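Those sequence lines, one after another, are chains E and B.
For the first sequence, my numbering assigns the number 1 to the initial residue and increments by one for each residue that follows.
For the second sequence, my numbering assigns the number 1 to the initial residue and increments by one for each residue that follows.
Hints listed in this document are in silico derivations from the structure and should not be mistaken for laboratory results.
Given the structure is predicted, the values throughout are model-derived calculations rather than measurements.
Accuracy of the hints is not assured; some may be wrong.
Pairwise CB distance ranges, derived in the manner of DEER restraints [said to hold, decoys possible]:
no., chain 1, residue 1, chain 2, residue 2, range
1, B, Gln14, E, Lys42, 22 to 30 Å
2, E, Glu45, B, Asn50, 31 to 39 Å
3, E, Ser40, B, Thr17, 37 to 45 Å
4, E, Glu45, B, Thr17, 25 to 33 Å
5, B, Ser53, E, Arg28, 44 to 52 Å
6, E, Arg77, B, Gly16, 48 to 56 Å
As a list, the in silico SDA-like pairs of lysine to any residue whose alpha-carbon atoms are at most 25 Å apart [to be verified]:
no., chain 1, residue 1, chain 2, residue 2
7, E, Lys42, B, Glu54
8, E, Lys42, B, Gln6
9, E, Lys56, E, Glu15
10, E, Lys42, B, Ser53
11, E, Lys2, B, Pro85
12, E, Lys67, B, Lys65
13, B, Lys65, B, Thr17
14, E, Lys2, B, Thr44
15, E, Lys42, B, Gly52
16, B, Lys65, E, Ile98
17, E, Lys42, B, Gly40
18, E, Lys2, B, Lys7
19, B, Lys7, E, Tyr39
20, E, Lys42, B, Asp26
21, E, Lys42, B, Asp64
Just so you know, even glycine gets a beta-carbon here, dropped at the ideal spot from N, CA and C.
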Amino acid sequence: QKEVEQNSGPLSVPEGAIASLNCTYSDRGSQSFFWYRQYSGKSPELIMSIYSNGDKEDGRFTAQLNKASQYVSLLIRDSQPSDSATYLCAVLSGGSYIPTFGRGTSLIVHP
Amino acid sequence: SAVISQKPSRDICQRGTSLTIQCQVDSQVTMMFWYRQQPGQSLTLIATANQGSEATYESGFVIDKFPISRPNLTFSTLTVSNLSPEDSSIYLCSVEDPGGSSYEQYFGPGTRLTVT
Numbered sequence: 001q002k003e004v005e006q007n008s009g010p011l012s013v014p015e016g017a018i019a020s021l022n023c024t025y026s027d028r029g030s031q032s033f034f035w036y037r038q039y040s041g042k043s044p045e046l047i048m049s050i051y052s053n054g055d056k057e058d059g060r061f062t063a064q065l066n067k068a069s070q071y072v073s074l075l076i077r078d079s080q081p082s083d084s085a086t087y088l089c090a091v092l093s094g095g096s097y098i099p100t101f102g103r104g105t106s107l108i109v110h111p
Numbered sequence: 001s002a003v004i005s006q007k008p009s010r011d012i013c014q015r016g017t018s019l020t021i022q023c024q025v026d027s028q029v030t031m032m033f034w035y036r037q038q039p040g041q042s043l044t045l046i047a048t049a050n051q052g053s054e055a056t057y058e059s060g061f062v063i064d065k066f067p068i069s070r071p072n073l074t075f076s077t078l079t080v081s082n083l084s085p086e087d088s089s090i091y092l093c094s095v096e097d098p099g100g101s102s103y104e105q106y107f108g109p110g111t112r113l114t115v116t
């Protein structure tokens, strides 16, 4: 059974701080990793994908992947109240085209 | 990415009836997926729909309850049959990256179903 674990939160950070969202996965054969943002009442929106170990930066977002530790994280720098949402981690195993989604972490950025 | 639309955006239905949800994509895609998201929960895959073949259902979901059509490469429908209050949920269609190189999935805006 492939599992993707996320702390449900809520994670509360002050505006301007760095928000760190974490995700662990069980399948060592996983090869593709995705972060989605979901605002309340809206559908998930893909914000980052990462395929190799290390960091990938896109604006205020940085995804970090450590396959040896089976760990992927999302850092949000200079957090804004508009970043308040649920962040879903999704993991795709090699040979599969259907990702396994975590339950999501609720992020609250307070002014 | 892809632009995906769903109809209806929301509906309130009586138990025992059915609701058909439409999903339209602005580009041709091989795979379309139907998910359910219950309040406060993550995404549960219902089935994968490929054009020209029967949909593949995940464990716990059956064709009689969730018939799916996929008549072409830009369109699919999901019907939720014999509705009960437990079917109240958000239903989402998604597609795989139209460029076919990244396995990224993109979601439609969702259909919020309430069964009374």
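Between lysine 65(B) and threonine 17(B), does the CA-CA distance stay at or below 25 Å?
holds, 11 Å
Is the Cα-Cα distance between lysine 42(E) and glutamate 54(B) 25 Å or less?
Distance ~29 Å between lysine 42(E) and glutamate 54(B) Cα, so the pair is violated.
Is the straight-line distance between the alpha-carbon of lysine 7(B) and that of tyrosine 39(E) 25 Å or less?
The hint holds at about 20 Å.
Satisfaction of hint between lysine 7(B) and lysine 2(E), Cα-Cα up to 25 Å:
violated, 32 Å
Are the Cα atoms of lysine 42(E) and serine 53(B) separated by 25 Å or less?
violated, 30 Å
CA of lysine 56(E) to CA of glutamate 15(E), is that 25 Å or under?
holds, 23 Å
Mind checking the alpha carbons of lysine 42(E) and aspartate 64(B) for me, to see if they're no more than 25 Å apart?
violated, 28 Å
Regarding glutamate 45(E) and asparagine 50(B), is the given constraint of 31 to 39 Å on their beta-carbon distance met?
violated, 25 Å
Hint consistency between lysine 2(E) and threonine 44(B) [alpha-carbon to alpha-carbon, up to 25 Å]
Since the Cα atoms of lysine 2(E) and threonine 44(B) sit roughly 14 Å apart, the hinted pair holds (cutoff 25 Å).
Are the Cα positions of lysine 42(E) and glutamine 6(B) separated by 25 Å at most?
holds, 13 Å
Please test the hint of 25 to 33 Å on the beta carbon pair from glutamate 45(E) and threonine 17(B).
Since the Cβ atoms of glutamate 45(E) and threonine 17(B) sit about 32 Å apart, the hinted range of 25 to 33 Å holds.
25 Å limit on alpha-carbon distance, applied to hinted pair lysine 65(B) and isoleucine 98(E):
holds, 22 Å
Checked against the numbered hints given earlier, the structure breaks hints 2, 3, 5, 7, 10, 11, 12, 15, 18, 21 and satisfies all the rest.
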